[in-house]
Each structure stands twice: as C-alpha cells, then as structure tokens.
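Participant: Construct the entire structure; sequences and hints are all you get.
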Amino acid sequence: MNYVIRRLKAFPLVLIGVSVVVFVAIRLVPGDSITAMLGTEAGLLTPQQRDSLAIYFGIDQPWPIQYWRWFTGLFSGDLGISVTYGKPVLTVILERFPLTLELALLSMLIALSIGVPAGVFAATRNERPADLGVRIAAMIGQSTPSFVVGLILIYILSAGFGVLPTMGIFTPFWQDPLENLSQMILPAVTLGCAFAASVTRVSRSAMLDVLSDDYVRTARSKGASERSVIWRHALPNALVPVVTLSGIEFGYLLGGAVIVEQIYALPGLGRMVLEAILQRDYALVQGAVLFIALNFMIVNLLVDLAYAALDPRIRLEGR
Amino acid sequence: MKPILSIRDLHVSFGQAAAEKEVVHGVSFDLGVGEVLAIVGESGSGKSVTALSSNRLIDYAGGRITSGKIELLRADGSVLDVTSAGKQELTGIRGAEIGVIFQEPMTSLNPVLTIGAQIEESFRLHRGLTGKQAQAAARDALERVRIPDAERRLKATPNQLSGGMLQRVMIAMALACNPRLLIADEPTTALDVTVQAQIMALLAELKRETGMSMIFISHDIGLVAGIADRVMVMQDGRVVEQGELSQILDKPQHPYTQHLLHAVPHFSSGTAARTDGARTTAPLPKPTLEVDDLVVRYPLKGGWFSKPVGAVHAVDGVAFDLMPGETLAIVGESGSGKSTTARAVLGLVSPTRGAFSVEAQAARPGQSRLPVQMVFQNPYASLNPRLNVEQLLAEPVIATGQPIDAAVRARMAALLKRVGLPEDSLARYPHQFSGGQRQRLCIARALMLNPSVVVLDEAVSALDVSVQARVLELLVDLQHEYGLAYLFISHDMAVVERIAHRVAVMYAGQIVEIGDAKSVLSDPQHPYTRKLIAAVPTIDRRNQHFELDTRQVPSLVRSVGFEPPAAKWLQHGADHKVRAEA
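Chains P and W, in that order, give the protein sequences. UniProt numbering applies: residue 1 is where the first sequence begins, and numbers increase by one. UniProt numbering applies: residue 1 is where the second sequence begins, and numbers increase by one.
For the record, the hints were derived by calculation from the structure and aren't laboratory data. Every residue gets a Cβ at the ideal spot worked out from N, C-alpha and C, and that includes glycine. Be aware that a few hints might be false.
What the hints assert, rightly or not - Derived CB-CB ranges, DEER-like:
id, chain 1, residue 1, chain 2, residue 2, range
1, P, P172, W, R386, 52 to 62 angstroms
2, W, P527, P, R315, 27 to 37 angstroms
3, P, L302, W, D140, 37 to 47 angstroms
4, W, F14, P, L109, 37 to 47 angstroms
5, W, W569, P, I248, 53 to 63 angstroms
6, P, P117, W, F14, 22 to 32 angstroms
7, W, L348, P, G77, 50 to 60 angstroms
8, W, P403, P, V258, 51 to 61 angstroms
9, P, L302, W, G347, 39 to 49 angstroms
10, W, G347, P, V4, 35 to 45 angstroms
11, P, R315, W, G347, 28 to 38 angstroms
Unchecked claim - Sample of chain W residues with no beta-carbon within 10 angstroms of chain P, all distances over it, derived:
id, residue
12, E35
13, T130
14, A204
15, A355
16, A580
Said to hold, decoys possible - The calculated lysine to aspartate or glutamate pairs, modelled on EDC-like cross-linking and capped at a C-alpha distance of 16 angstroms, are:
id, chain 1, residue 1, chain 2, residue 2
17, W, K531, W, D492
18, W, K87, P, E226
19, W, K155, P, D311
20, W, K69, W, D81
21, W, K251, W, E241
Facilitator: Written out as structure tokens, the structure reads:
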C-alpha cells in the first residue's frame, strides 16, 4: 500500500512535465484555431470579431498566462472549452473514452486468449513443424498493417456473408450489449491480431526459457504430468514478460487507435485527437494528451502490481 | 536378493541424427536394496546422465537411451523395464518409487509456488490426498527433515528460506512418498560446509529410518566416504572402477581413482599446509598490504521519509596485513563478509571507514599505480565474450592509460605461455577455452599490470577437482616467481590448506581467528573455527558422526549508531590469535 502511495506521489510531477511540453508543442504548429475552425470564412471576420472570439477562447493572452490559467483550472476539473465542439474538454474526452477503453480491453482479451495458448503450444513443440507454423503465423500477424487486416475482414463479411459491419451511431455497452458487441467485434479483432502475434512470440520465448529451468525438472522428478508441468509450474513463471508487453500495448491502445477507428468509423479518442490537432483545438489536445499520459501511468502502476502478484520474489515495498 | 536397480550396458546420446554424440558408453551396475552407491567423477563424466536415466528424466534434457537395459524392482515385487516404459508408467514411478534431489536448491524449487504447495503436490499425485490431509502430510514431511516451525514454513515461498533450508525442503519433497530409491545429484555442492555436514547427517539418518537405497553423485570422494557402501568411479562416460568403499579408498586399482584420491586437494587438518611462509625470516619485511579497522555497513531505510532505521554490518572492524610472497586465506561461510572484505580492498565497495595501505614494490617497468588485481570465481562470466584474448589482456593496460606497444604484446605472449595456454590463443575468444583454461586467462589478465597483490575471490571453486589442483600449483609457482601476495577468499578448507600461509576465519562480519595456517587448521581455538573444521568431510574422519544443528547465523542488522565492543584477542602461539567471546 505504501508503495502505491509513493508511486501516486510522483504522478503530479510527470503530468506537469507532460502538460508543459504539449502546451508549447501544439502552439509551435503554424496556424490558429479561429482560422482552422472557420476556414476561408475566417477572412470575413472583422478584426473586432476576431479579437472577441480570441478573448472567448482565451487565446489572446501571452503563452505563460494562458498556461497559468489553464493550469489553475485543472484543479477544479476545468480543462477549458473545446473550440471545435463548443463543450468542456473533459466532457468531450469522457464521451469518447468508454469506446476506446472497451476497444482496448476487448483486443487485449483477444490477444491474450489467442497469444498465450499459441505461445505455450509452440514452446512445447520447439523446432517441430507445429512450432514453425505458429511462428510463421505470428510473423505474418505482426507484419500485416492493421488497415489491411481491417479491410480484409470487412471484405470477407460483406462479400462472403452479405452483411456490412454496423457503422454509424455508436451504441454504448450498457445501452444495448449485443448491438455494442456487434459494432466492436471487428475493430477489436483487427487490433487484436497484431497484439496476439506479439503475445505469441513473447510467451513462446519466455516458456522456452522457463521449460529448461531447474524447478521444471524438479516437477517432472516428482512425477507431475506434462500438462501440470506446463500450466502449473512453468506458465506462471513465464507470464512476467507477457504482462510487460500487454501493459505497453494496452497503454498505447488507450491513447486511441486512429487507423482502426477511421476504418470502422468509430468515434474514439484517436480520431478525436487527430481532428483536434488539425483544428488547432489547443484546449482539447492539451486535455487529451494529459488524459492519455495519466492512463499510461495508471497502466504502468497496475503492471508493477501485477508483477508482485505473479512473482513473490518481486518486492515492491521498500523499493 | 534381487537388486532394486540393475543397469546393463547403458548407452546414452545427446543431439539429433548427424550431430548425435554418445556421452555414456556402456555403463553397468547393480544397486542392492538398502544400499548406497556413490558415483564419483568430474563434470562431463556422465555420472548425472547415468543416474537420471534410471527414471528417464534424461529424456527432457535432450538425452536418448540408445541401447542397454534398466530394470527397476518395484514395491510390489514386479520388475519394470525402464527403457521401454510408457509415459504413464514413468510418471507413476517418478516421485513414488524414485525420488531425486538436485544440486542447486535455490533454483530447483518453483519460485512462484509456496513450499507447502510444492510438497503437497507429491501427495496429491501419488497418494491421492487433497486439502487438509495433503496439508497435514506436507507438514509431517517438513518435520521429518527437522525444519523448525514447519507449520509456518508451509506458507513461505522459496525466496524466503536459506539454501540449507531449501535443500531440506527438496529432501522432504523427494522423500514425501517414501520412494525406495533416492538419487542425490551433488546435493551439497552449492551449500556452505557446515550446512553440507548437516544435510549429509540428515540423509544418513533418513536412510537409517527408511531403509531406502541411494545413488549419491559427487565430485568429492571425501564427501561420499561418510555415506557410501559402494563407489563407482566414472571418467568420460565410462566406469573406470567400482567396488566396496574401503576397497576403493584404500586399494584403488585404476590410475584415475588414484589421481582423484591423491592429486586432488583433500583436507588433512593442517598437515598439508605450506611451509614456505614469509614470516619465517627475521626481520619481517614491510607488508605489501595493510588493512586496519575495515568497516562496511549498508544503511537500512524505512518509513515515510526513508530515514535510516539500522545498518547491515557486513564487515566490522577487520584488520590484517599481508607480506610480499604470502597468501592470506580468508575463510568463512556465505554472508560472513569475506567477499565484501575483498571487494573493499579492490575498491569495488566503498568502506564506511578503515585504512588501507598498499605498498607498491620497487618500481619496475610496466608497474601500475594500482598494484592490486583480482581473479573472480566464475571464469565463464568474468570474461567478456565479445573480446578476443588479446583484447582481454589489453584491458587492464588500457584502463591505466598506457599505450599498447611491442613490450605489452611481448608480455601478453610471455604470460600466456607462463600460465600454460597455447601460443595461438591471442586471436581466440573465451568460448573456445575450457573452464580451467579460462581461469588461467583470468590469472594472466590479472598479472598484466605486474601487481603486488592479487585478490582471488573463490578463484578455483567453479573448477573441476583435478583442474583445481593444477590451477593451485600454477598459482603457487607464480607466487614464487613474481613475489606476489595473495588474498585468497574461499569456503573450501581443502583448497585453503594447499595455498595459504596464513588463515583468517570470518564469522558474521568479523575475524574470529587469524594466524599461521598450520596452527589454525590443526589446532583451532575459536568455537566457530572448530565447528567449521569439524564439518569438512575427509576420508580419514569418515566414520565420525556429525551432530545436527539448526541454529541460525546471528543477524547482521544493527540499530543506528551501534558500535561493537572492541575486540579482545588471546594470543595462542607465535602467530595465531583468537577473538575472545564476551
């Protein structure tokens, strides 16, 4: 528990660092939000109108003052107003986040439930044809871009079964689980493919290492069956690198998967951030990046806690 | 009576098809019921492969029994042909009829499962016990190997126990289902000498209690002398000699057995100590190295603000001096602070306080400002695999900022020749050398800078016994030739006896006894030194009984600001003093 508190103490520092960097970076991009929002019509604005809009969005002040205002606002949960949506940034992010979270969870579920068994299977058949097959499949899975996988899946569905993936308005899970899953399954599979391939490769090599460890030999010397040796004695020891990988991938997915969201027309965080950058929606970009950074830190903390749960040798307290 | 295990003309190979290599060439022996057979040999002799063929564990290590017959007499009186047995039959005999203890208790237990779960597994597999019953059985098994506080230990994971405790857990596990045959594969090699003595005593006691048969694998003929009924000596996959214990020890026939018995270091209570000591001549020369009141402490921090709550007193008030051409051996068990002392002398750990003075010898060409060099335990890990020998030998010279010139190259060639490596070694890489050769390479590297002191931290411990003997000879020769002073850190009393002029015994961070090697080893005064020496297995003392003792080493953790009382020393002979215990 102490450990968690200590880790949490470091969060604000990291977030301040991230916020400064992103604050400056987005402002270094040429163009401003009013021009980006109104396009050519921006030229029709009188200087007075332009100024009042700038005052409304708070972009008339020098950078340090803008930053200070935004920073102090954070403490009351006020991330500013999105120029593009005309709504508070936090509201916009929270509208998009459930979809992204669900997508990330589903693809991780798919990746682990395919990748771990496949990796274990390959490791127990080291260098035999079955192993080679799994390794080739994993290599293909890893090297195929997600848009190719996505397009192939859509093609198979529409050409083979005559159904189109349900697009359009996104239905949250708690409103209609079935409808929601039918919308999410394809994107999740698309993302899960490459993820599963990485998990397969990592769990295969981790298992190979573990299977030559002394305690595996001990388990066999006790007369344990091969099944028990693999699943009970070896696998828990091989999971640490798999958790590391899953944590990193999951963290990325929480930042949104731009291409997959685009292909399946899903309103997730990835597309939102992309659009916000194109629109010079400073407040939204800042808020989103901060939010994503926070997610990453939480995932990292969870990964470290998972290590300790998996392996009693890893002691978090007192570190 | 029928033997419990009968092996005829066993051949075992490793590798596949074209790359197949036979490592056991036609081994035959019988093991009687209740008999202890010791298989003795060096690494690569095929002793483990032979033993692990009897329950076909060798299949999983990549081995294959190519021909021969292994017959196991089962508990019900039937005979099982192990070479042709199916998977089901094999898992049925493993653990139930044949138990195994391995060499490294620290890595042989599953780190993520509790001790209890691992012992219970045997009962679940072979006795069908579950839940409370299995738990109770596991507790009984732990009590049987004399583990104090067994109930609580069941919930511990392996990282929470010491090596000796873990080896007891291994024994408890192997014996859980009362197997009629126990294979002990170098069960004490990774353990401290007093712990080794306890494990050996325990095995002997359990054998008396259960009447099981045992195959005891070891490289140490002195160790098996105390437990074996019969001995089988193996070399390069063949049995060179087998017979009754007394016959092998007293009338060895084969030259290799004679070599193992005589050429290899055996502890002989100080009678084999060196007599060419530097302190025999008066007046005494100026010491090469003086260490005074060396203290190494590691602060322990805790609480919200990481304030110091105590300190680990790894080394506490160690003092000694070292003459040119002299070997001081520091002996002690793991955690006694002997390696920390060596590392402090090398400057690898910074001492909390203490004074060193290193007296450089009269300046010679190539003399560095760092007259202390080192050789470490593991020759496989202490040579960078990406550097060839020339680059490895150049490292220390580069580190002192000197150019690599013709003189340095000439020195490389001369040193390689001197340590007994082939002339063409310079362009080769570490993996092309054997363990003994690598350690010679490490020695050559240490001598590149012409040091006056060489710290040898368990420098021969990882080597095979006969290689060990040759490396020790080399070290003694080099010492005479270059007037080197050795600080020799070791846990192995037999090796220490061969190389040391003086011995310092360390216990819990302090020197408890120091003095002339012959005097300390033959007439130990401190209770700990006595216990240590009594624990060393020897052929001469093979019939002595060693008492089981489960006392723990005192904790080295002290409160902040704790200072141990100043040591009082009792003089015992000209060069031999003992710490007086309060």
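Participant: A separate judgement is required for each hint: does it hold in the structure or not?
Facilitator: Outcome of the hint check:
{"no.": "1", "hint": "P172/P / R386/W: 52 to 62 angstroms", "verdict": "holds (56 angstroms)"}
{"no.": "2", "hint": "P527/W / R315/P: 27 to 37 angstroms", "verdict": "holds (35 angstroms)"}
{"no.": "3", "hint": "L302/P / D140/W: 37 to 47 angstroms", "verdict": "holds (41 angstroms)"}
{"no.": "4", "hint": "F14/W / L109/P: 37 to 47 angstroms", "verdict": "holds (42 angstroms)"}
{"no.": "5", "hint": "W569/W / I248/P: 53 to 63 angstroms", "verdict": "holds (60 angstroms)"}
{"no.": "6", "hint": "P117/P / F14/W: 22 to 32 angstroms", "verdict": "holds (30 angstroms)"}
{"no.": "7", "hint": "L348/W / G77/P: 50 to 60 angstroms", "verdict": "holds (53 angstroms)"}
{"no.": "8", "hint": "P403/W / V258/P: 51 to 61 angstroms", "verdict": "holds (57 angstroms)"}
{"no.": "9", "hint": "L302/P / G347/W: 39 to 49 angstroms", "verdict": "holds (42 angstroms)"}
{"no.": "10", "hint": "G347/W / V4/P: 35 to 45 angstroms", "verdict": "holds (39 angstroms)"}
{"no.": "11", "hint": "R315/P / G347/W: 28 to 38 angstroms", "verdict": "holds (30 angstroms)"}
{"no.": "12", "hint": "E35", "verdict": "holds (21 angstroms)"}
{"no.": "13", "hint": "T130", "verdict": "holds (15 angstroms)"}
{"no.": "14", "hint": "A204", "verdict": "holds (22 angstroms)"}
{"no.": "15", "hint": "A355", "verdict": "holds (33 angstroms)"}
{"no.": "16", "hint": "A580", "verdict": "holds (37 angstroms)"}
{"no.": "17", "hint": "K531/W / D492/W", "verdict": "holds (14 angstroms)"}
{"no.": "18", "hint": "K87/W / E226/P", "verdict": "holds (10 angstroms)"}
{"no.": "19", "hint": "K155/W / D311/P", "verdict": "holds (14 angstroms)"}
{"no.": "20", "hint": "K69/W / D81/W", "verdict": "holds (7 angstroms)"}
{"no.": "21", "hint": "K251/W / E241/W", "verdict": "holds (11 angstroms)"}
Of the hints listed earlier, there is not a single one the structure fails to meet.
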